[in-house]
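**Student:** Sequence lines, in order, name chains A and B.
Residue 28 in the working numbering sits at position 28 of the first sequence, with consecutive numbering throughout.
Take any residue in the second sequence, note its place counting from 1, add 298, and you have its number in the working numbering.
Don't read these hints as lab results, they were simulated from the structure.
Keep in mind that the hints are not guaranteed to be accurate.
List time: in silico BS3-like cross-link candidates among lysine-lysine, alpha-carbon distance up to 30 Å [to be verified]:
(1) B:Lys409 with A:Lys271
(2) B:Lys409 with B:Lys368
(3) B:Lys570 with B:Lys368
(4) A:Lys134 with A:Lys54
(5) A:Lys36 with A:Lys271
(6) A:Lys286 with B:Lys584
(7) B:Lys584 with B:Lys570
(8) A:Lys111 with B:Lys569
(9) A:Lys164 with A:Lys8
(10) A:Lys283 with A:Lys272
(11) B:Lys584 with B:Lys432
(12) B:Lys334 with B:Lys432
(13) A:Lys283 with B:Lys462
(14) B:Lys334 with A:Lys286
(15) B:Lys334 with B:Lys351
A few chain B positions that, by computed beta-carbon distances, are all more than 10 Å from chain A [as the list claims (entries may be wrong)]:
(16) Gly358
(17) Asp394
(18) Glu395
(19) Ile415
(20) Glu417
(21) Ala453
(22) Val496
(23) Thr499
(24) Leu514
(25) Gln526
(26) Lys570
(27) Gly583
(28) Lys584
Don't be surprised by glycine CBs; every beta carbon is placed ideally from N, CA and C.
2 protein chains.
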Amino acid sequence: MLLPEQVKIVEVGPRDGLQNESQILATADKVALIEKLSLTGLRYIEATSFVAKKWIPQLGDAEEVMSAIKRTSGVTYSALVPNWAGFERSLLVHTDEIAVFTAASDAFTQKNINCSIDECFERFAPILTAAKEKNIRVRGYVSCALGCPYAGEIAPLAVARVAKRLYDMGCYEISLGDTIGVGTVNKVNAMLHAVMQVLPTEAIAVHFHDTYGQALINIYAALQLGVQVIDSAVAGLGGCPYAKGASGNVATEDVLYALHGLGIETGIDLKKIIQVAHFISDKLGKPPQSKVTRAWGV
Amino acid sequence: MLLPEQVKIVEVGPRDGLQNESQILATADKVALIEKLSLTGLRYIEATSFVAKKWIPQLGDAEEVMSAIKRTSGVTYSALVPNWAGFERSLLVHTDEIAVFTAASDAFTQKNINCSIDECFERFAPILTAAKEKNIRVRGYVSCALGCPYAGEIAPLAVARVAKRLYDMGCYEISLGDTIGVGTVNKVNAMLHAVMQVLPTEAIAVHFHDTYGQALINIYAALQLGVQVIDSAVAGLGGCPYAKGASGNVATEDVLYALHGLGIETGIDLKKIIQVAHFISDKLGKPPQSKVTRAWGV
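Throw the hints in and build the complete structure from the sequences for me.
**Tutor:** Dropping the structure here:
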């Protein structure tokens, strides 16, 4: 069994996490969150989304956040751009990298962003062309990689097809998301085997939500297949709009505890992440969703 | 990678779970809990502990519980016996099997039950002899198999030594407990490798607390080594007296979700277990600690 020696953590708390929290944080708190995360050893932070404020008011201050953060050298600050308007906004405030978002399920993209998967790609095409000209790297998200709240089971080949299309279009890394957290190890293996037929392993990231408590066991399965990039959110920020009372992204702290226990290097200081988890949980007025942080104490 | 085709779940919620809950449930509620668990497909339920009431008031009604439960054929109802007096009590109320308890750490047994590991074995000896004569099977617990709240790191060989001693004395199954939930995959592998040098794999059970959220990933590591017996507690009952705000035993629901997802048979109906989880959580007036149960809804 060959595990990777190093793993890159993509911290998605400020974007995917806060986007799914019911409260709207003050801009200054978001800036403080990102700045604190920058000092933990994290090298990659998805800071916000240039989505229309009316759709996601939680992230309505994307420009302000990106402009205000004091940047740490060596850290990439990225943002999601849902469309051309978002891409143009991102250009004005020095966004290091961008990410585009689609799904392996037409039912999901229709309900979620009101277009088919094909139409997603039509929206992306000019963005990817322009990003390439400007030397801006683009990350691609594939939602519903292990199940869809509307369509149910998703075929591994459907995931592979969308992942390859994003990769062929120019995305350097494809993040495969278990959006509703229903995945189990066998499904992870089947899905990753399909994607690995068409993508180099280095280009694959996994993005688990811990809705059913399966995130870490699924991550272990992915590591055993050689995956080296894991998305996670400090304090397990976020929730799941498709399951009441369910938890959000897998917590960065819990992932680090597992990875460091496996002897895998991340370059990240777990204790500092725990401090950030307490900071943001206090701001949101709710307990951290990370078991490591709850057990560790302050 | 060879995973077992079937796994035996040992439901420890009524004992290890309730023992660590702050509230004392009514006897009738405990009886209802055990009877409901009996109808889920579970074959093995640790129902109570014949410990002195002054030490663990939560389980002060062991005789009443064991006498009152309506038994389901094919289900084994066991109980912990801490000493000879407890063993004698267990005999009067038709306890199918008993379990004895020690640790891989002298510091822990001293603080916890006021004796050394050697003295534990002196207490057990007459119990095991008498149990054998009466054809009562005995299970053995080894606490602190992956770390001790007082002594810190525990050597795998120390765990193997205690496990072998219990086995040689007549225990048919040895449950290796991560009492404080600090274990990680590499530690699980090292500990199990040591124990497997001296015990047949079929005699090994793993008992994880989910304090740091690592229970399922550790269980997957154990399964990959061939372990076929897993302890768990419905609704993740219990807490951790050594870490404030930490969670208890790994939840039976979360284990079942993972095992069934791996195609491993348990014979247990997950939906029925979720119903029992809601029942007992309502009685305790707290949310279920299982992510599966919280996500699934009622």
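**Student:** Each of the hints needs a verdict: does it hold here or not?
**Tutor:** So, going through the hints one by one against the coordinates:
A threshold of 30 Å between alpha carbons decides the hint, and for lysine 409 of chain B with lysine 271 of chain A the separation of about 29 Å falls inside it, so the pair holds. Distance hint between lysine 409 of chain B and lysine 368 of chain B is unfulfilled; the C-alpha atoms sit about 37 Å from each other, more than 30 Å. A threshold of 30 Å between alpha carbons decides the hint, and for lysine 570 of chain B with lysine 368 of chain B the separation of about 18 Å falls inside it, so the pair holds. With a CA separation close to 29 Å, the supplied pair lysine 134 of chain A and lysine 54 of chain A stays within the 30 Å bound.
For the proposed pair lysine 36 of chain A and lysine 271 of chain A, the alpha carbon gap of about 12 Å is at most 30 Å, so the pair holds. Annotation: proposed proximity of lysine 286 of chain A to lysine 584 of chain B holds, straight-line Cα distance about 16 Å (limit 30 Å). Pair hint lysine 584 of chain B plus lysine 570 of chain B holds up; C-alpha atoms about 19 Å apart against a cutoff of 30 Å. As the CA atoms of lysine 111 of chain A and lysine 569 of chain B are separated by approximately 29 Å, the hinted pair is consistent with the 30 Å bound.
Proximity of lysine 164 of chain A to lysine 8 of chain A is assessed by CA-CA distance (about 21 Å); at most 30 Å being required, the pair is judged to hold. Distance check on the hinted pair: lysine 283 of chain A and lysine 272 of chain A sit about 17 Å apart at the alpha-carbon level, within 30 Å; holds. Restraint check for lysine 584 of chain B and lysine 432 of chain B: the C-alpha separation of about 41 Å exceeds 30 Å, so the hint is violated. A threshold of 30 Å between alpha carbons decides the hint, and for lysine 334 of chain B with lysine 432 of chain B the separation of about 29 Å falls inside it, so the pair holds.
Taking the CA atoms of lysine 283 of chain A and lysine 462 of chain B, the gap is near 51 Å; set against the 30 Å cutoff, the hint is violated. With a C-alpha separation of about 34 Å, the suggested pairing of lysine 334 of chain B with lysine 286 of chain A is violated against the 30 Å cut-off. Restraint check: the Cα-Cα separation between lysine 334 of chain B and lysine 351 of chain B comes to about 25 Å, which is no more than 30 Å; the hinted pair holds. No beta-carbon of chain A comes within 10 Å of the beta-carbon of glycine 358 of chain B; the shortest separation is about 29 Å.
At roughly 31 Å from the closest C-beta of chain A, the C-beta of aspartate 394 of chain B stays outside 10 Å, upholding its exclusion from the interface. Every Cβ of chain A is farther than 10 Å from the Cβ of glutamate 395 of chain B; the closest lies at roughly 30 Å, confirming the non-interface assignment. Non-interface call for isoleucine 415 of chain B relative to chain A: holds, since the shortest CB-CB distance, roughly 26 Å, exceeds 10 Å. For glutamate 417 of chain B, the requirement that its beta carbon stay farther than 10 Å from each beta carbon of chain A is met, with the minimum near 31 Å.
For alanine 453 of chain B, the non-interface assignment is confirmed: its Cβ lies about 17 Å from the closest Cβ of chain A, beyond the 10 Å cut-off. The Cβ of valine 496 of chain B lies farther than 10 Å from every Cβ of chain A, with a closest approach of about 24 Å, so its non-interface assignment holds. For threonine 499 of chain B, the shortest C-beta to C-beta distance to chain A comes to about 18 Å, beyond the 10 Å cut-off, and the non-interface label holds. The non-interface label for leucine 514 of chain B is inconsistent with chain A: the shortest C-beta to C-beta separation is roughly 4 Å, within 10 Å.
Distance check for glutamine 526 of chain B against chain A: the nearest CB is about 17 Å away, which clears 10 Å, and the non-interface claim stands. With a least CB separation of 17 Å from chain A, lysine 570 of chain B remains clear of the 10 Å interface cut-off, as annotated. For glycine 583 of chain B, the shortest C-beta to C-beta distance to chain A comes to about 16 Å, beyond the 10 Å cut-off, and the non-interface label holds. Distance to chain A confirms lysine 584 of chain B as a non-interface residue, since its nearest Cβ pair spans about 13 Å, more than 10 Å.
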